[in-house]
Amino acid sequence: MSNEFAAQLSRRRFIQYGSLALGAGVVAACSGGSSPGGGSADLGENPIKVGVMYSTTGTIAIVEKSLQDATFLAIEQINTGTGPWEGRGEGIAGRKIQKVVVNPDSNWDLYNQMSKRLIDEDQVVCVLGCYTSASRKSVLPVFEEKDSLLYYPVYYEGNECSSNVFYTGAAPNQQITDSIPYCYDNFGPKGFFIGSDYIYPKESNRIAKAELEKAGGTVVGDEYAALGTTEFITIINKIKAAKPDFVLSNLVGDSIPAFYRQFKDAGITSKDIPIMAYPTTEEEIQAMGPEYSTGHYTSFNYFQTVDTPENKLFVEQFKEMFGGNRVTNGVMEAAYLQTFFMAQAMEQVLKEGGELNTATIREATRGQEFNAPQGKVKIDPENYHTYLHSRIGRWKEDGQADIVFSTDSAVKPIAWSQALYKGRVCVHPSPDDRSDPTKETGKDLTPVFL
Amino acid sequence: MANVADMNNYVMGYKQSTFPAKLVGIGGIALLVFIILPFLLNSFQLSLMSKLLLFGSLAISLDLVWGFTGILSFAHGVFFTLGGYASAYYLKLNLSADSNTYGGQLPDFMVWNGLETLPWFIAPLKFFPIALIATILVPALFAYVIGYFIFRSKVSGVYITIITLAISSALTTFFVSQQAYTGGTNGITDVSKLSFFGTEIPALGLYFLILLYTAFVLVLGWWLTQSNFGLILRSINENEKRIAFLGYDVAQFKIFIWTLSAALAGMAGGLFVPLNQFISPVYLAVAFGTQVVIWVAIGGRGTLVGPLAATILLGQVQNYAEKVTQDWQLVVGILLLVVVLFIPSGLMSLLPKQLNLSNLSKPKPLPVKVAKS
Amino acid sequence: MLDAALSSIAFPLLPIFFLAQEGTEAIGGFSMASLLNQTLNGIGIVGILLLTGLGLAITFGVMRIINLAHGEFIMLGAYVTFVMQDWFGMDLLLTIPFAFIVTAIIGGIVELTIIRRLYGRPLETLLATWGLSIVLQGVVKLIFTAQLKYVKSPAYLSGNVLLMSDASGSPLIAISYYRLFIVAIALALLALTIYLFYSTAWGREIRAVTQNRDMAKCLGVNTKLVDMGTFAYGCGLAGVAGAVISALKTVAPPMGQDYLVDAWMVVVTGGVDKLIGILAGSLLIGEANAIIAFILNDPTARVIVLAAVIVLIRYKPEGLFTVQKRS
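Protein chains in written order, with this note's numbering: chain A, 1 to 450; chain B, 1 to 373; chain C, 1 to 327.
Quick caveat, the hints were computed from the structure, so don't treat them as lab data. Errors might be hidden in some of the hints.
Each computed DSS-like pair below joins lysine-lysine, with the alpha-carbon atoms no more than 25 Å apart [as the list claims (entries may be wrong)]:
1) Lys96/A to Lys323/B
2) Lys152/C to Lys396/A
3) Lys152/C to Lys271/A
4) Lys316/C to Lys241/B
5) Lys214/A to Lys422/A
6) Lys146/A to Lys323/B
Can you make the complete structure from the sequences, with help from the hints?
Here you go:
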């Protein structure tokens, strides 16, 4: 081997090792630059470790980032003793919350992996997180196997009864049961159902179909688009051809703005065919532009326009922390309120001199009440879902909702749709009894209010 | 034909003269490390290591086709997932009655989607031997059909890659849309644990099972590529026309290694489900297929050990990067760019010569030169 | 070449002509008029495919660069439009040149720093561009956050061309101005590109470099400059696509991923030898998608079309519209 060649070779080697070092440097620089959530704040002695698991990158980040924001606001308020935590001192009975933030990059595989890490390695007491049903399903075996707790802030399809999850979003009976008769009475009997192609929209539409048929209406079309689809010309043409009285939309994420825009672009106004949606909130409206949503409807537990003192404070403080142009929505409110459920439960355990673990927190969370922005809410001690208000909003030109229907108080959650599974309920006998909590009562259940 | 005989002699001579003592030594040490390792790890690290070993064997199986015959495939996640679904059906159908909310034998997602009876093509997977065979055979058969279709044509290079891209994309859409049979985007969740004659296999046992499988894939890959067969594969990569002139049926070799590789990937998927407790179309998607390609590229194509090492290394890097920054995939992207631009032959090429395993697994005389004689 | 393009328009329409003769009874639950309406609206899908595929037809078709970051250049174009509207209140149409220039400049820089080092190594290019796509998404997310962005569409392009309405006056066959606008822009860019490539000195240089790089170099062509210019132009076209689409779809960092596989399929189907192939490819895929999706549903249509493309590549890897070459 000639010297020249050797020299060249070592130069190449030098570049290679150098670039590796550079890569490592970049890793280090990035890590120094944007450490999540500013972990440097003084957390005092013996902080309580809580996992926060929302994707801030990838396709679902458009939704989950704001859930993370709302959670951060709540934790900040608890740690500083402000907002709803006013008068309870800094932290939970003197101990502050240390948030362990993970970003699963909208990848179900990483939700599973990172939930294991949070529980085993970071030893968090419980986890706040997840948005899609797929991500919840991917972490469920982890939480059940390791007997840890997940607070899940999202309206979902029901049919689940885990003793390791507190569901603080709407169960089917708090979102679908009231909205379908409303559509039937105000728009007409013919509904066209659309949704993203996964379990929540499909199951949701199946429940809605049963409700609509019970009311005397018919479903004239049922169409699904792959998650993340932004091309809706075919579905819109099918809607045109079927001439329904209303459209029920269970599209999620970035499909929502694309659909509303193309719907209007195809020349259909909200007077011709109004859209009733579940996942369309203030955030998506802001992204699509309010001119596309004016006159359409959403059924949710919370709107930014809900008139309570708690909500005024929440909206004000959220804008203060994250910018005046941001809006709040129902999922964010659920992410916000569930953090307080958790904090109240922890406070109760600590004040009674107990130790923070899954069993004690689960026991204390059952039946916990809180004056949330949407009004007074409560965790159902039997099925671990949440008493929530059922509301319908009509979107105005400014991107905010005119609330056209609201229950007087929060509705008791029912984990199973009664239109599909008559009489089936979820009752956890006692917090530590892990036997199958699904019970068949065989009876018609009447709505129960808080 | 004389040339071929020459080549065989030459190769056999080569093999006799270099008993891979060093390789066996290094392999033994590595194996020992992996045997001791789980006793030092917490349960999260144990499950992460198990997962990375499985992903590693998936990367090795891709390396067999990409590194040795030059076929770049984005569809290896597909084979992995097909094996995974076979094993997931088995575990789902073997849930004990009390943990199935419906009491019956029908999986929950089928009930939600209005199925009343178990489809005939899923029902047999309740039995372990059938499920085991299906875990290997379903991806292998699928790969065989595709391989037969592609390799017996003039399609080459980039176009094969684009076909695998289309397969991955089409199958993802298909699995998501067939919610009644596949569980849709959620995939198959809430499955039973893998048990051995009625006793549940603990996490540690699963780790050793996976370690055994990974070692098997590695040794099989090494043995294959060292043999005459491997030499022919390499020659196909070097000069396909010439090897065809020598009387070899190039397509047949490609189809064989492609199918074998899919079977290995499928079995890895099959082991993945008991570990991960769910399988979903996320592993079918182009993004996961690309991830596998990246492991191989960063580790070094045609080195077998490289892809395994890169998978474990990248998995750990990602785990730590995630702890310090939310934008960890930006870090991974930059790392990928750096490796491709400055270390094109992969991390294995950075090892000092004396330790270079890739050299050990590479027979010195290139077949092209042999053919000249 | 022209009748090749024409036949590709007629092909997907053929079944409809046959069915039309049988009268106006319903097909798959829908009336004939709805199906015709869908076929017409399929042109809207074709326009988007053509627009998003055009840049790739340059970077892959002409330069043979496997660019997996193509979708991210579309995304960059959309963000340029967003920024121009947000900061300066510009009309969407006015932002298009900016989208072109900015993405072209970024494309040029990428060529200079990354692609240039990898010519002749297609698989490395593929990996590098995948890494690049992750980096571009990450950087955009860092600057603009992950939230969806709002882009205002021009008021004068809202509304529909009504071709036929039923007895009660509600539209039966109509297509929106904005969809037509997308088709028009796509066709105009295709025409411009064909003109540039086949009738200008720069185009001749590009073709010379792609046909025989060394010979072109010997003849005094600055091949490096030509490479950079061509890649930048391809990226610029992707940027225009992003700008135009932003008003109809959504703007977020991962948006480009949606267009990547489709753009590839379009380019491969049409063939890369002639730029006109991309028109054929997008017409075939767009209309096939539209019609199958209307009769069955969207996911099924996608699976069928992808399977068809796989079969097509198997039998005609060089695409449908290629010049017969002697080997």
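How the hints compare with the structure:
1. Lys96/A to Lys323/B: The given pair, whose Cα atoms are some 20 Å apart, holds under the 25 Å limit.
2. Lys152/C to Lys396/A: Between Lys152/C and Lys396/A the Cα gap is close to 18 Å, so the pair holds against 25 Å.
3. Lys152/C to Lys271/A: Cα-Cα ~22 Å, so holds.
4. Lys316/C to Lys241/B: holds (20 Å)
5. Lys214/A to Lys422/A: Satisfied, since the Cα-Cα distance of roughly 13 Å is no more than 25 Å.
6. Lys146/A to Lys323/B: holds (21 Å)
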